[in-house]
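Input sequences plus hints: build the corresponding full structure.
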Amino acid sequence: MNPGIFFEFAKRSVRLHWLRSLLAVIGIVIGVAAIASMGMLGNSLVLSISESLSDVGDAIVIYSHGGISQGPSSTTVNDKITQRMLKDIIRASGSNDVIPIYNTADQIEVGSDDGIATVYGLETQDLSLLLDLEEGQFLKSSAGALAGSRIAEEYDLKVGSRVKLGDENLRIVGILEERGMGFDINPDSALIVTDKFFSSTYDQEDYNFVIVKVRDINDIEYVKDAINTKMNRKDDVVDVFDTKAILETILDTFGQISTFTTAIGGISLVVAGVSIFNIQMMSVTERIKEIGIIRSIGTKKNEVLKMFLYEAIILGLFGAIVGALFSFLAGYAVLMVMLNSTEFLFEPSTLVYIPYGMIFGVVTSLVSGFYPAWKAANLNPIEALRYE
Amino acid sequence: MQIISLEGVSKIYPMPFGEVVALNNVSLTIEEGDFIAIMGPSGSGKSTLLNMVGSLDVPTEGKLYINGVDVGTLSDDELTDLRRDTIGFIFQQFNLIPLLTVRENVEYPYILKYRKRDTAGRCDELLKCMGLTENLSHHKPNELSGGQQQRVAIARALVNDPKILLCDEPTGNLDSKTGTQVMELLKNLNGKGKTIIMVTHDTQIAEYAKRTITIADGEIQ
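For the protein sequence lines, the chains are F and R, in the order given.
If you use our numbering, the first sequence corresponds to residues 1 to 388, in order.
If you use our numbering, the second sequence corresponds to residues 1001 to 1221, in order.
Hints are computed from structural coordinates only; laboratory data are not their basis.
Every residue gets a Cβ at the ideal spot worked out from N, C-alpha and C, and that includes glycine.
Careful, some of the hints might be misleading.
Label-pair distances were calculated between CB atoms; the ranges are [to be verified]: (1) F/Asn302 to R/Ala1216: 47 to 55 Å; (2) R/Glu1078 to F/Glu8: 22 to 30 Å; (3) R/Leu1136 to F/Ile26: 33 to 41 Å.
What follows is the structure, encoded as structure tokens:
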């Protein structure tokens, strides 16, 4: 086969009507750039969120459901996990690690700097289950504290630094690795102390919440159900969250947002498709006589079809290539504005939206160009020849 | 040898107000090497007859054989191949393809047939035979005079060496001097064995033909 001559026809026709071809190409460029850059933005958002959320897919977080319980002599707000509830949780969790956690915020002073910091109280044997050390060592006695990476940076804390927490003096024995935002604890800008220190300093027996670390991630639903059945039999006593579900919900939401914005980009591609359809119809109508001539001297129907489809493909391909360049630039600009960083632009899962957009662009042009091409191919040669 | 034969051919067009009989039971045989002029008033059916013979159209009734093939049995693609290989068209309006240069216009049917460009120099040779100079061959058709365009069209009609040349008022858009030149060319081609069928209004032009057929109301007189 030598498709050369039909491609040549298409090329020359596009060039001859360069202005309207250009307008149609601009439509495709906008459509492709909109789809691709929106897809790239959505993917970068998801990537940046999943990166800043630490990969805590294996934790269940249990809070007290709250509510007011009326005792014979007092009315208390049950917003904490009591020792008895903790026992139930331990029993329901089987062999998985159960980590009760104290949590508050307090004033800290480091030299002349002061501020407010989150404080977590953990049993010493649980520390290594949740946290990783950057330097120093884990807590052994009540007199020390661990510092999160960000607070360490902010107050220039090192192993051996002294910190005044409330009225107590503490020595920093270890600095933690950066952990990112989590759904269980956020130790990066917190001080970690022992449970004994916490309960004596803040005079608190009950825990703020409990984390269950699941050994096998597939057990997470099972453990969650077991806790729910055991504790929320009559009334809701505790609220059970699993971090995996929270993470999935957030990522789902972002996925939906980016699908939505991509769909808006798709609308501009539909408009571009309509304009390609329009100019291809014009091209066919203007060239009816020419179609009659080439049919009469021996051009087959499918060759005429091809000739006009090539035109649509040329427009689509041009639009897609220019659109790809623009979507890269637009993606760069949007990410700079929205995320102040373009590090996720070069991820394959982000860049893949450029070929996606291009494919959509070319397919749109082909689909829009098909009916005009089909119409051209099926003209009656005698009537086409007679057409003036 | 018979190259075209019509046996009781009718062409009926269905119209909203009733059927129009463009050709009514026409029988005609044309021998290879013949030069026929078809004359008749407009609406007589001579264009329909020419379209039939050019295998652009097929009979509603009757049989039409072109180069021994019953065209009624052919598909659209086969009819197209028949036009490409056996028939050369020469039109009143020249009907060159505006997007292509003169040389490409001549080469176009060649590419359709052989699926490759003409590297043997056939197109240049034909253009030269038609009295067209080398530097004209890179121009677009609309940059040429009418007489030149018609000679390009003849070169195009000849490129696949067809047995039949169909001419629809070939001199209708030319002045009498260039018209005469074109007719001399056609006469020359007929002398080399091409079968020529020509529709014309002009009795002087018809005199170039060996045989004249007059058609009126869809029937040969």
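Consistency of the hints with the structure:
Between F/Asn302 and R/Ala1216 the beta carbon distance is about 40 Å. The supplied range of 47 to 55 Å is therefore violated. Judged by the Cβ atoms, the range 22 to 30 Å given for R/Glu1078 and F/Glu8 holds: they are separated by roughly 26 Å. Checked against the hint of 33 to 41 Å, the pair R/Leu1136 and F/Ile26 passes, with Cβ atoms roughly 38 Å apart.
Comparing the model with each numbered hint stated earlier shows that hint 1 is the single one that does not hold.
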